[in-house]
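Please arrange chain B on chain A, whose structure you already have, making use of the hints.
Protein chains: 2
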Amino acid sequence: MFMGASTKQGYDIAIKSREIIRDLIKDDIKDLNPYEKDIVERIVHSTADPEYAKLVKISNNFVTESLKSLKNNETILTDINMVKSGITQYDGEVECFIKNEEVIKIAKENKITRAAASLLYASQENFEGILVVGNAPTALYAAMDLIKGNKINIKSIVGVPVGFVGAADSKESLHETDIPNVITEGPKGGTPIAVACINSLIQSLKEV
Amino acid sequence: MFMGASTKQGYDIAIKSREIIRDLIKDDIKDLNPYEKDIVERIVHSTADPEYAKLVKISNNFVTESLKSLKNNETILTDINMVKSGITQYDGEVECFIKNEEVIKIAKENKITRAAASLLYASQENFEGILVVGNAPTALYAAMDLIKGNKINIKSIVGVPVGFVGAADSKESLHETDIPNVITEGPKGGTPIAVACINSLIQSLKEV
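Line by line, the protein sequences are chains A and B. Residues 7 to 214, numbered by the working numbering, are exactly what the first sequence covers, in order. Residues 7 to 214, numbered by the working numbering, are exactly what the second sequence covers, in order.
Excised from the complex, chain A in its bound form:
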């Protein structure tokens, strides 16, 4: 059902909310395609923060490449479990390796964050699919390095880490690559934004 609502009451709230949001942000999103519009609307819905309509930047190839991957039920890898918990309607696997024993070992040995170590581990495990980062800039840098070295098969990245230290730079770096990506400009971002973005695409496929 629309926006993850499972009852009539939830559905009605979601519909009314969308109408309010469309009215608030229509000028900001007028040049986007319908898939991109839905992504931005859903982000604003999940944060009640219309500023995101100005901050979300979607690369030209993001929707097409992501939909291709999702249609094939390729794996979605998330940086933290909170992001994973929000992706409840996908027919493929949703993975988060942050608590994996091997990942914790890689992090300690290399003195890197567990989020970055997750990407090294995913590379070892021949990961193929979409990366969704709601928290850790270090996960984005690790992914960009591995992609550059042809060491991981990431089809697209939802890269929306949050924070005043490092997050904005990591997102800007990602958006400058030719990896299909969506980012939020500046420090703002986080779990609800990451989840809203990927769920929008998953939902789009179910409605076709």
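One or more hints might be untrue.
Since the list gives no way to pick out one identical chain from another, each pair is judged satisfied if it fits inside one copy or across any two copies.
Unchecked claim - With a straight-line cut-off of 27 Å between C-alpha atoms, the simulated DSSO-like cross-links for lysine-lysine are: (1) K14 x K105; (2) K77 x K22; (3) K212 x K105; (4) K43 x K63; (5) K77 x K161; (6) K157 x K212; (7) K22 x K212; (8) K161 x K43; (9) K212 x K111; (10) K117 x K212.
For the record, the hints were derived by calculation from the structure and aren't laboratory data.
Just chain B, lined up with the frame of chain A:
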């Protein structure tokens, strides 16, 4: 470790982030006690949105009553699994009933949301502890009704649902009761805010 960081790099980022935040919001939080300050700082950390320093409203009895409950390892009940996933350092139980078969049945029979039905179910199960709501205004209303009727033993409520429809009213209603509570004024709120608030208190206990 501080702010859930598990490596030196994560720890350094968290410390620097806190310094930036303190500088941004110091005027807004100058009248709060140290526990309350930490709650607000952590919310701003998790959203990179300094506006929350103006929106967070903490009732006088919230910190004391919540700490008492947490010290006793009473259960934390969350409205959605995303909130549950973010509470990783608690020694007591963290529960979410949204996917419980009985809850789904109660929701259908009474034509209410599953989030509201979760509260009815918790009441049947003699729940005792803290309620953390990051998403569903209906969960707040259900909790307020049950508390009024002495049907549930909720010690405090983190009530920060997000959305343009109903969320603000539900939070205002909660803040007018004498239930120990924290809310965010207006439509903004959500999972990261809920998680930051309860994790701040859990962390405070570990540092004593």
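Checklist entry - Which hints, by number, does the structure contradict? => result 2 and 6
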